[in-house]
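Student: Residue numbers (the numbering used here), protein chains in the order written: chain A, 80 to 192; chain B, 204 to 317.
Please keep in mind that the hints were generated in silico from the structure rather than gathered at the bench.
A few of these clues could be false.
Mimicking BS3-like on lysine-lysine, the simulated pairs with C-alpha atoms at most 30 Å apart in a straight line are [as the list claims (entries may be wrong)]:
1. K148/A / K135/A
2. K247/B / K148/A
3. K135/A / K247/B
4. K265/B / K254/B
5. K105/A / K149/A
6. K105/A / K148/A
7. K265/B / K105/A
8. K247/B / K105/A
9. K149/A / K135/A
10. K274/B / K149/A
11. K230/B / K274/B
12. K135/A / K230/B
13. K247/B / K274/B
14. K135/A / K105/A
15. K247/B / K230/B
16. K254/B / K230/B
17. K247/B / K265/B
18. K274/B / K254/B
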Amino acid sequence: SQQGEEDPQALSIQEGENATMNCSYKTSINNLQWYRQNSGRGLVHLILIRSNEREKHSGRLRVTLDTSKKSSSLLITASRAADTASYFCATAGQYSSASKIIFGSGTRLSIRP
Amino acid sequence: NAGVMQNPRHLVRRRGQEARLRCSPMKGHSHVYWYRQLPEEGLKFMVYLQKENIIDESGMPKERFSAEFPKEGPSILRIQQVVRGDSAAYFCASSPTDRGRPQHFGDGTRLSIL
Numbered sequence: 080s081q082q083g084e085e086d087p088q089a090l091s092i093q094e095g096e097n098a099t100m101n102c103s104y105k106t107s108i109n110n111l112q113w114y115r116q117n118s119g120r121g122l123v124h125l126i127l128i129r130s131n132e133r134e135k136h137s138g139r140l141r142v143t144l145d146t147s148k149k150s151s152s153l154l155i156t157a158s159r160a161a162d163t164a165s166y167f168c169a170t171a172g173q174y175s176s177a178s179k180i181i182f183g184s185g186t187r188l189s190i191r192p
Numbered sequence: 204n205a206g207v208m209q210n211p212r213h214l215v216r217r218r219g220q221e222a223r224l225r226c227s228p229m230k231g232h233s234h235v236y237w238y239r240q241l242p243e244e245g246l247k248f249m250v251y252l253q254k255e256n257i258i259d260e261s262g263m264p265k266e267r268f269s270a271e272f273p274k275e276g277p278s279i280l281r282i283q284q285v286v287r288g289d290s291a292a293y294f295c296a297s298s299p300t301d302r303g304r305p306q307h308f309g310d311g312t313r314l315s316i317l
């Protein structure tokens with residue numbers, strides 16, 4: 080299975096601090112994606128990093144990818160209360176011709192005011 | 204530019220009844236994916252469809268579950284003879300192409316079995 084696994088499962092930080100979440104996966108990938116899910120809602124795509132990229136930024140988000148370690152991290156800087164949500168990594172397989180993406184079990188992030 | 208629309212948002216069924224969940228993908232998207240999510244867990248892939256074709260149903264239970272995406276109209280996830288264990292949130296996502304592109308999600312249907 081190429082399923083991503085997030086670490087930690089739950090994270091609680093003070094507003095303004097940085098939040099780091101990690102994802103590990105098992106097989107070769109075409110790309111890795113991060114999604115956010117607010118309570119009771121569907122997932123929202125945040126950022127996609129390709130297998131030949133090492134780092135990518137989008138606003139307060141920074142994603143790194145280490146294909147040799149089969150791991151990725153999502154950093155949210157200067158956290159806000161609105162960042163409270165579950166965050167999922169998802170991997171797209173390298174060789175599948177009709178590539179579905181496989182989701183990890185998520186990190187539940189709580190931002191304390 | 205409407206997003207992925209799922210209905211109903213909440214569905215209550217008694218054991219043995221049928222549940223029909225509908226998903227209208229984003230305009231211009233021909234690839235639809237169905238996922239199941241239990242509380243505090245991640246999404247489990249069920250089935251991937253293109254118009255009139257099932258591409259990958261490796262995550263679908265062999266019995267009672269079926270999915271379709273007809274030429275006209277929404278994609279339907281059908282669960283026959285529901286049991287308590289079918290209680291979950293079912294999410295639909297769509298994308299314009301496959302190859303692992305980002306998916307756009309609906310807000311899900313929460314199915315409760317009495």
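Student: Now, for every hint given, state plainly whether the structure supports it.
Tutor: Against the structure, the hints:
About 17 Å separates the Cα atoms of K148/A and K135/A, which keeps this hinted pair within 30 Å; it holds. Distance check on the hinted pair: K247/B and K148/A sit about 24 Å apart at the alpha-carbon level, within 30 Å; holds. Simply put, K135/A and K247/B have alpha-carbon atoms about 27 Å apart, close enough for the 30 Å limit, and the pair holds. The hinted pair formed by K265/B and K254/B meets the criterion: a straight-line CA distance of about 21 Å does not exceed 30 Å.
A hinted pair counts as satisfied when its Cα atoms are at most 30 Å apart, and K105/A with K149/A qualifies at roughly 7 Å. A distance of roughly 9 Å separates the Cα atoms of K105/A and K148/A; the hinted pair therefore holds under the 30 Å criterion. Pair hint K265/B plus K105/A holds up; C-alpha atoms about 27 Å apart against a cutoff of 30 Å. At most 30 Å may separate the alpha-carbon atoms for a hinted pair to count; K247/B and K105/A meet this at roughly 17 Å.
Distance restraint check for K149/A and K135/A: the Cα-Cα separation of roughly 16 Å lies within the 30 Å cut-off, and the hinted pair is therefore satisfied. At most 30 Å may separate the alpha-carbon atoms for a hinted pair to count; K274/B and K149/A exceed this at roughly 40 Å. Restraint check for K230/B and K274/B: satisfied, since their Cα atoms lie roughly 14 Å apart, inside the 30 Å limit. For the hint linking K135/A to K230/B, the alpha-carbon distance of about 29 Å falls within 30 Å, and the restraint holds.
In summary, the hint linking K247/B to K274/B is supported, as the alpha carbons are separated by about 26 Å, within the 30 Å threshold. For the proposed pair K135/A and K105/A, the alpha carbon gap of about 21 Å is at most 30 Å, so the pair holds. Simply put, K247/B and K230/B have alpha-carbon atoms about 25 Å apart, close enough for the 30 Å limit, and the pair holds. About 13 Å separates the Cα atoms of K254/B and K230/B, which keeps this hinted pair within 30 Å; it holds.
This hinted pair checks out: K247/B and K265/B have alpha carbons roughly 15 Å apart, not beyond 30 Å. The hinted pair formed by K274/B and K254/B meets the criterion: a straight-line CA distance of about 6 Å does not exceed 30 Å.
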